Amino acid sequence: MIQIILISHGDFGKQLLASAQMITGTVKNVYAVSLSSQETPEKLEKEINNLLAVQPGGASTLFLIDVFGGTPFNVSVPHIKNENVEIITGVNLPILIEAIISRDNNPLCTVSELAAHVLENGKDSIKNVKSDFQLKGQINDRK
Amino acid sequence: MTESKWGLFRIDDRLVHGQIVAIWCRHLPIKRIIVVDDEVAKNQFMRQVLQLSVPNGIKIDVLDVENSVSILNKISDKHHVIVLLKSPLTARRLKDNGLDYDELNIGGMGMAPGRKNVFKNISMNSEEIEILKALSSRGVKTTFLTIPGERSILLEEIEF
Chain F
1 MIQIILISHG DFGKQLLASA QMITGTVKNV YAVSLSSQET PEKLEKEINN
51 LLAVQPGGAS TLFLIDVFGG TPFNVSVPHI KNENVEIITG VNLPILIEAI
101 ISRDNNPLCT VSELAAHVLE NGKDSIKNVK SDFQLKGQIN DRK
Chain X
1001 MTESKWGLFR IDDRLVHGQI VAIWCRHLPI KRIIVVDDEV AKNQFMRQVL
1051 QLSVPNGIKI DVLDVENSVS ILNKISDKHH VIVLLKSPLT ARRLKDNGLD
1101 YDELNIGGMG MAPGRKNVFK NISMNSEEIE ILKALSSRGV KTTFLTIPGE
1151 RSILLEEIEF
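If you read the protein sequences in the order shown, they are chains F and X.
Residue numbers for the first sequence follow my numbering, so the first one is 1 and each next one is one higher.
Residue numbers for the second sequence follow my numbering, so the first one is 1001 and each next one is one higher.
Please note that the accuracy of each hint is not assured.
What the hints assert, rightly or not - Computed list of lysine to aspartate or glutamate pairs in EDC-like fashion (alpha-carbon distance at most 20 Å, straight line):
#1 X/K1078 / X/D1064
#2 X/K1042 / F/E42
#3 X/K1116 / F/D124
#4 X/K1116 / F/E39
#5 X/K1095 / X/E1150
#6 X/K1120 / F/E39
#7 X/K1133 / X/E1156
#8 X/K1042 / F/E45
Claimed, not checked - FRET-style restraints, in silico, Cβ to Cβ:
#9 F/E42 / X/S1126: 16 to 22 Å
#10 X/N1097 / F/G25: 43 to 49 Å
#11 F/G25 / X/S1136: 54 to 60 Å
#12 F/N82 / X/E1130: 55 to 61 Å
#13 F/T26 / X/E1127: 45 to 51 Å
#14 F/A18 / X/S1070: 48 to 54 Å
#15 X/L1089 / F/N50: 24 to 30 Å
#16 X/K1116 / F/Q15: 27 to 33 Å
#17 F/A59 / X/I1147: 38 to 44 Å
#18 F/Q21 / X/D1077: 49 to 55 Å
#19 F/T26 / X/N1097: 52 to 58 Å
#20 F/M1 / X/F1160: 46 to 52 Å
#21 X/A1112 / F/K28: 30 to 36 Å
Worth flagging that the hints you see were computed from the coordinates, not collected in a lab.
Quantities reported herein were computed from a predicted structural model and do not represent experimental measurements.
Every residue, glycine too, gets a C-beta built ideally from N, C-alpha and C.
Taking the hints into account, I'd like the entire structure generated from these sequences.
As structure tokens, this is what we get:
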């Protein structure tokens, strides 16, 4: 099963996972790693290596990172050399939910397919409600 | 001379990260970031990663300690440059090798075995504290400040 690892500044990832589970129910094999302001990058790397080590050989990992270019990003990127690893940055709640549901409903899906799919989904989830749905007209008409 | 003042000469064990790119690079007229670290300089892959971390318009270089001094001393617009080091030890090695700097910013040093918390997110061991005190007595003004706007403090004001 593809392992999903969230890495974030502070508890963003932990809380995002808690919120996702309000919708998906309790999930397995999804981990949230928090970078605290006191922590060194080396300690964060160790935590991640420990999580990767419990994966059975050949299993894949999808990293979901809060922000492109921060310390969570810097510590995950070296793993991209591994063909069983993908990284998506700018994780939002729709991305996390979609990653969980897609993974659980499609056990044969590869981590690269999963990454491409959640990326599309995530981008689509960001909308300007008025302009995207052209609601302006309807709101005035209802008066 | 203002020409010899670096935009920021900083110890930060996270090197290039959000605070540097999003905050410091906007607060100061920065055109270039130079990381001085022997480990990172040897690591071809990490050097590529660091290239990704900087916004367009900002150049980034990764140098090893020995070669960096002559390169850094030759830079004419130092105020456009952020120099990043991982530790006080590198700061001392640079000074010993003849690098010209008289201000040092301590921006981030995480908790590790042997270290104790000295101010906000900065933790150090006794060797690191001694190195900074020695640099200070050599005329390096040492300030603890993570990002502009937060409370800053001079080395001399800290009770270790």
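Structure-based check of all given hints:
| no. | hint | verdict |
| --- | --- | --- |
| 1 | X/K1078 / X/D1064 | holds, 18 Å |
| 2 | X/K1042 / F/E42 | holds, 17 Å |
| 3 | X/K1116 / F/D124 | violated, 46 Å |
| 4 | X/K1116 / F/E39 | holds, 12 Å |
| 5 | X/K1095 / X/E1150 | violated, 28 Å |
| 6 | X/K1120 / F/E39 | holds, 12 Å |
| 7 | X/K1133 / X/E1156 | holds, 8 Å |
| 8 | X/K1042 / F/E45 | holds, 19 Å |
| 9 | F/E42 / X/S1126: 16 to 22 Å | holds, 20 Å |
| 10 | X/N1097 / F/G25: 43 to 49 Å | violated, 59 Å |
| 11 | F/G25 / X/S1136: 54 to 60 Å | holds, 57 Å |
| 12 | F/N82 / X/E1130: 55 to 61 Å | violated, 41 Å |
| 13 | F/T26 / X/E1127: 45 to 51 Å | holds, 47 Å |
| 14 | F/A18 / X/S1070: 48 to 54 Å | holds, 53 Å |
| 15 | X/L1089 / F/N50: 24 to 30 Å | holds, 28 Å |
| 16 | X/K1116 / F/Q15: 27 to 33 Å | holds, 30 Å |
| 17 | F/A59 / X/I1147: 38 to 44 Å | holds, 39 Å |
| 18 | F/Q21 / X/D1077: 49 to 55 Å | holds, 52 Å |
| 19 | F/T26 / X/N1097: 52 to 58 Å | holds, 57 Å |
| 20 | F/M1 / X/F1160: 46 to 52 Å | holds, 49 Å |
| 21 | X/A1112 / F/K28: 30 to 36 Å | holds, 33 Å |
When each numbered hint is compared with the structure, violations occur for hints 3, 5, 10 and 12.
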